Amino acid sequence: MSIDPQFENTACTKYEAVLEDYLEGALGAVESRAAEAHWRDCAGCRAALNQASASVRLLRFAGPAAGPGPAFARTVMARIRAAEAELAQTSERFGFWQPLVKFGWRFAATATVLLGVLVTYDAGWGRHSQRHPAGTAITGASDIFAPDPGNPPANRDEVLMMVADTNHGN
Amino acid sequence: MATSATALALPLDRKGKKEEDRELVRLSQNGTESAFEELVRRHQQRVFALVGGILHRPEDVEDVAQQVFLKAYLGIKRFDQRAAFSTWLYKIAVNECWDYLRKKKVRPLVYEADLSEEQVSRLDGIASSDRPPEGPNARAEAREVLDRMLAALPEQDRQLLVLKEMEGFSVQELAEILELNVNTVKVRLFRARGRIMEVYRRRMDAGKLANSAAAHKKG
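Protein chains in written order, with our numbering: chain E, 1 to 170; chain F, 1001 to 1219.
Here chain E stands alone, though its shape is the one from the complex:
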């Protein structure tokens, strides 16, 4: 785990980027003079600059890490060729079936959408039916023509009489 050393930055915040440029020699003559004038009077910036200069010397002495071996480029190209061959083999193996596979995926996607619509519709209908369960709001209307299970009409005249009675009731 990396540990953040308790480092107290002494440089003025607006001069930090300038100090870095100064270390790099990236400032122009006028800018350099202005910066130098600042840290002549600012002990914090002066201390930070000294510290940073020391770090440049310390780190640059180490030099870069070991580079790739002489065969690296050839190894990379061999790996590329192997990857290409594998890709070609895969497309060759599935090349004939590609249109069918495509169709299969499209069919599956359409079926999923349709199934989703149906499930949604069904769920909505179910809720609608629950809101008007049989025998509540529609009970009156269905009772008009429903025959009395205890006393069914025996003939045509009785049926007509029953309808007439209902109309009178309205």
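Honestly, the hints are just simulated from the structure, not real lab data.
Because the structure is a prediction, the values reported are computed rather than measured.
Hints may contain errors.
To be verified - Sample of chain E residues at the chain F side, in silico, Cβ under 8 Å:
id	residue
1	Val-30
2	Ala-48
3	Thr-75
Said to hold, decoys possible - The calculated DSS-like cross-link candidates involving lysine-lysine, where the alpha carbons are at most 30 Å apart (straight line), are:
id	chain 1	residue 1	chain 2	residue 2
4	E	Lys-14	F	Lys-1077
5	F	Lys-1071	F	Lys-1017
6	F	Lys-1017	E	Lys-102
What the hints assert, rightly or not - Footprint (simulated), chain E over chain F, 3 or more residues, beta carbon under 8 Å:
id	region
7	1163–1169
8	1186–1197
Quick reminder that beta carbons are idealized off the backbone N, C-alpha and C, glycines included.
Use these hints to put chain F onto chain E, whose structure you have.
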């Protein structure tokens, strides 16, 4: 005079290399394998440096660097050359490093915090000398000691310092690769410098204290 000539020659040289890169990219896009191989040769050193700077695990650097070039090859037809090839390649390298660290669920290699007696004296020698250590072995040893010190820094500080000071990336390049503002890179670098010197001072103090304690015991 010599300095200004070098300073003038460097951008021209870089410009020329960029133009050559553009041509090699164009040829690679048309399927010329040898052109891509030449691109690999030109950029392998810096890709290695970048991957090594981020992963900090030498044993994995070669594998990830190969993967970077493979991805670049597979994607080169989509590369529109609006940015420099190197910038595009280094971004692939940075992404590949993050992917690798995420997939393997590994943290960058962290050394033990303390330096040995020998390492303290070696570090002392590096810091007080005006010349770089001579010979590849001495440099590698210096690098190892500094890597141990750098491991005590926050990961972002460590990467910036390694890439800038040891591997030679410019502030502009780092800003492009890490997708940061140039000024942000400068400020972070400057603060990281302060931190590494703080670590250095502490290690040296601790090392010297341990050395004098050992000498006292012997005496």
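Right, here's what the structure says about each hint:
| no. | hint | verdict |
| --- | --- | --- |
| 1 | Val-30 | 18 Å, violated |
| 2 | Ala-48 | 6 Å, holds |
| 3 | Thr-75 | 7 Å, holds |
| 4 | Lys-14/E - Lys-1077/F | 44 Å, violated |
| 5 | Lys-1071/F - Lys-1017/F | 22 Å, holds |
| 6 | Lys-1017/F - Lys-102/E | 45 Å, violated |
| 7 | 1163–1169 | holds (count 4) |
| 8 | 1186–1197 | holds (count 10) |
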